[in-house]
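K.L.:
These two chains come separately, so use the hints to put the complex back together.
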Amino acid sequence: DVKVTQSSRYLVKRTGEKVFLECVQDMDHENMFWYRQDPGLGLRLIYFSYDVKMKEKGDIPEGYSVSREKKERFSLILESASTNQTSMYLCATVQGGYNEQFFGPGTRLTVL
Amino acid sequence: AQSVTQPDIHITVSEGASLELRCNYSYGATPYLFWYVQSPGQGLQLLLKYFSGDTLVQGIKGFEAEFKRSQSSFNLRKPSVHWSDAAEYFCAVVVSGGYNKLIFGAGTRLAVHP
Numbered sequence: 001d002v003k004v005t006q007s008s009r010y011l012v013k014r015t016g017e018k019v020f021l022e023c024v025q026d027m028d029h030e031n032m033f034w035y036r037q038d039p040g041l042g043l044r045l046i047y048f049s050y051d052v053k054m055k056e057k058g059d060i061p062e063g064y065s066v067s068r069e070k071k072e073r074f075s076l077i078l079e080s081a082s083t084n085q086t087s088m089y090l091c092a093t094v095q096g097g098y099n100e101q102f103f104g105p106g107t108r109l110t111v112l
Numbered sequence: 113a114q115s116v117t118q119p120d121i122h123i124t125v126s127e128g129a130s131l132e133l134r135c136n137y138s139y140g141a142t143p144y145l146f147w148y149v150q151s152p153g154q155g156l157q158l159l160l161k162y163f164s165g166d167t168l169v170q171g172i173k174g175f176e177a178e179f180k181r182s183q184s185s186f187n188l189r190k191p192s193v194h195w196s197d198a199a200e201y202f203c204a205v206v207v208s209g210g211y212n213k214l215i216f217g218a219g220t221r222l223a224v225h226p
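Each protein sequence line maps, in turn, to chains A and B.
Each residue of the first sequence is one higher than the last, beginning at 1 in my numbering.
Each residue of the second sequence is one higher than the last, beginning at 113 in my numbering.
In short, the hints are calculated from the structure, not lab data.
Small disclaimer: the values here were computed from a predicted structure and weren't measured.
For each residue, glycine too, the CB sits at the ideal point set by N, CA and C.
Watch out, some of these pointers could steer you wrong.
Unchecked claim - Going by beta-carbon spacing under 8 Å, a handful of chain A positions derived as facing chain B: (1) Asn-31; (2) Gly-40; (3) Leu-41; (4) Gly-42; (5) Leu-43; (6) Leu-45; (7) Phe-48; (8) Leu-90; (9) Val-94; (10) Tyr-98; (11) Asn-99; (12) Gln-101; (13) Phe-103; (14) Gly-104; (15) Pro-105; (16) Gly-106.
Isolated chain B (complex conformation) (with noise of 0.2 Å):
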């Protein structure tokens, strides 16, 4: 069955450094794969997709992530974290069987230190 695994359920980092956000899927196509940012009482926002061709996906906001099929990982990464970026941000992949339903992993919390 597909699935998606965030393993950090919190991240705290200082304004200004880098960061990492983990993500690794289980599904045995090549995946259709989403990143989502959720803000204190808001709904979730779209930050990037990853459909198929270059790897290194851009999104808003100055994120980016990186689709790595060996590591079946996508990754999500910024090299300088502001204050505005302290959300929950949640990995998705596309199901197969149409219909466009996804599978979230479970979140990680970014806190971000002045």
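This is chain A alone, in the form it adopts within the complex (with noise of 0.2 Å):
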């Protein structure tokens, strides 16, 4: 079975505070993804990742960056987190082609 990881279930930092969120995958998949999810808008894609060191913006990629230095692993930073960044984060793999996305079990961010 796919396993994704995320470093933190529940996360509560302040405001201007730099944020670091790590995802890990252990099924060699090509590309990840960041999203937020937040009440009534779904999930919205931040950032994703078709291979080491690329990156493309998402959706809402204002006030976010993306780092992937491996293939397993893909942080998501906030470089000053502000208060309308508090929200549940969700990274996801999947294999290249048209196949299903897996999700990790996601980071709840507060900002205070």
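P.N.:
Structure (structure tokens):
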């Protein structure tokens, strides 16, 4: 089975802090994604990566950056956290071709 | 632009009753469609998917979905709901252009009464 792990289930940070969310997958998948999930809005794509060191902006990249130095690890970075970034963050991974995405358990981030 | 609409934000059913969750998509070509379920505090789990072929798709946990091109719909159904089905359900479509990007609907939260 594919396993996607996220570094924290719950995280509380202060406004202005730099925040790192990490995602690790064990199936050698090419593509990895970061979403944020908010009530009534579903999942919205922040960034994705299709190879090591390769990244593309999603629909809501403002205020975020990403890093993919190794194939199995994809990090989401909030350079200066703000209260409107309080949300659930979900990582997903998928092999090439039209296949299902596999999701991590999510990180619920609260920015005070 | 591609989009997915789930018209029902909340649905409440009694245990043992039948269920239908609606999903409408906007896409010019043949879509690749998914239904995911999210239990409280969990990530998303795939229930079923449609890529081509038979328009009635069977999934896990007794769910099925029917692709209707004429109605641009991919509704999820279950004949008899169990209390453990209480969760949030998301419909999604693959975005054209590669990389397996998905567009999700806003979700339908299902409550099950005993």
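K.L.:
Are the hints correct? Go through all of them and say.
P.N.:
Hint check results:
1. Asn-31: Result: holds, 6 Å to nearest chain B Cβ.
2. Gly-40: Since chain B brings a Cβ to about 6 Å from Gly-40 of chain A, closer than 8 Å, the hint holds.
3. Leu-41: holds (6 Å)
4. Gly-42: Interface hint status for Gly-42 of chain A: holds (4 Å vs cutoff 8 Å).
5. Leu-43: holds (4 Å)
6. Leu-45: holds (6 Å)
7. Phe-48: Result: holds, 6 Å to nearest chain B Cβ.
8. Leu-90: holds (6 Å)
9. Val-94: holds (5 Å)
10. Tyr-98: holds (5 Å)
11. Asn-99: Holds. Min distance 7 Å.
12. Gln-101: Hint holds; Gln-101 of chain A Cβ to chain B Cβ min 6 Å, cut 8 Å.
13. Phe-103: With Cβ-Cβ at 4 Å, under 8 Å, it holds.
14. Gly-104: Holds - the Cβ of Gly-104 of chain A comes within 8 Å of chain B, reaching about 5 Å at its closest.
15. Pro-105: Result: holds, 5 Å to nearest chain B Cβ.
16. Gly-106: holds (5 Å)
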